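Novice: Okay, here's what each chain looks like letter by letter:
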Amino acid sequence: MRRLSEVAGTKVMSKASAQKMGKIERILVDVPPRRVTALQVARDELVDWADVSGVGHDAVVVSSEESVRTAADAREERALSGDFDWKGKLVVSDRGNEMGNVVDLELDESSGQLEVVHTTEGRLEAGRLHALGSYCLVVRHDDSSDLPG
Amino acid sequence: MSSSTSLLLRATDLIGHPVVTIDAGEAVAEVKDVVYGTTEAALLGFTLNHRGFLGGPMKQVLAWARVAALGRHAVMIATAGDLDERDDVLVEDLKGSRHRNVISSEVITDAGERLGEVTDVVLLVDAEPEVVGYEIGGSEVLTPHSGGHVFIPLPETLAVSGEALMVPAAVRDFVSDDLAGFGASVERFREHLRTTPPEHRP
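Those protein sequence lines, which keep their order, are chains D and W.
Each residue of the first sequence is one higher than the one before, starting from 0 at the first, in numbering that gives the first Met the number 0.
Each residue of the second sequence is one higher than the one before, starting from 0 at the first, in numbering that gives the first Met the number 0.
FYI, nobody ran anything at the bench for these hints, they're computed from the structure.
Check the hints yourself; a few may be wrong.
As the list claims (entries may be wrong) - Label-pair ranges, simulated between beta-carbon atoms: (1) W:THR78 with D:GLU114: 25 to 33 Å; (2) W:GLU129 with D:LYS10: 50 to 58 Å; (3) D:ASP142 with W:GLU84: 30 to 38 Å.
On a predicted model such as this, the values are computed, not experimentally measured, just so you know.
Virtual Cβ for every residue (Gly too), placed ideally from N, Cα, C.
Hey, can you work out the whole structure from these sequences and the hints?
Specialist: Structure (structure tokens):
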């Protein structure tokens, strides 16, 4: 598992040309599907997570320059304007209780699936994530958790 | 208090709370005012303001039945479509003033004693939020020295009019002077009502 904060800022290389394509400006996540959906590699330029072939400590490797695209819909445009930025996002349970602000997210690099959310109040399983909005990340209440919400 | 997350709140504490959608994580409104029924011991719902510093009153209202959860931070609704402006009767009920006057209603026991007047409604916030009592002010009978505010549990049967709340005289034994201790009072009072036949109640 990798923390998204460690991936942010990494350079992006093309597997086809071995050239630098940019660096990771923003990591787009969405809930559902509770995963990293795309990487912003330059102004208005995105690469789908599905086109990422490797996530190393020194570079993120993308299939080719042809993977670069622009926002596909209004939600991605909002994501590029920062509406859904995860860092610092308020976390609220579906019971209406505050659970801190997002400090970091951990993902499974092979699938892009989010596994763990670290907030200012503690750690919670990403399986509880329900929705991501411009206002907050909505999380399911769980009585058995250290951070029930 | 059935779980670690249940919580007692004054209804007026909800004023200014954001109204947040569970399906999208968006704050679609904030609570302007809390509207109580006068003919039943219940909240009818909320009037709303737009959020932000330019926020003024919204046309839409939020009916109690559409509230998914009340928390320390937010009033949760399933989806933005749960705000309503189409149901004329509901909007009139919530925006009109005729339902607001449970606040300042007199509280009278069935023994004919005035306990004070209602200053707020107390909610138990859990999986299913419910009204569990009232905050009573100006209660010289209950707090002869301070004349301050006390909390009384909501009886399971209660007559309410636009003028007064009629409560069993036994409620006096279950009064709490702070909200923290009030949850236990509610439980004890309900147990008392369940286990004591009406003819044996004081």
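Novice: Give a verdict on every hint.
Specialist: Structure-based check of all given hints:
A beta carbon spacing of about 28 Å between THR78 (chain W) and GLU114 (chain D) agrees with the range 25 to 33 Å that was offered as a hint. As the Cβ distance of GLU129 (chain W) to LYS10 (chain D) is approximately 56 Å, the hint placing it in 50 to 58 Å holds. Between ASP142 (chain D) and GLU84 (chain W) the Cβ separation comes to about 36 Å, which falls inside the hinted range of 30 to 38 Å.
Hint compliance for this structure: every hint is met.
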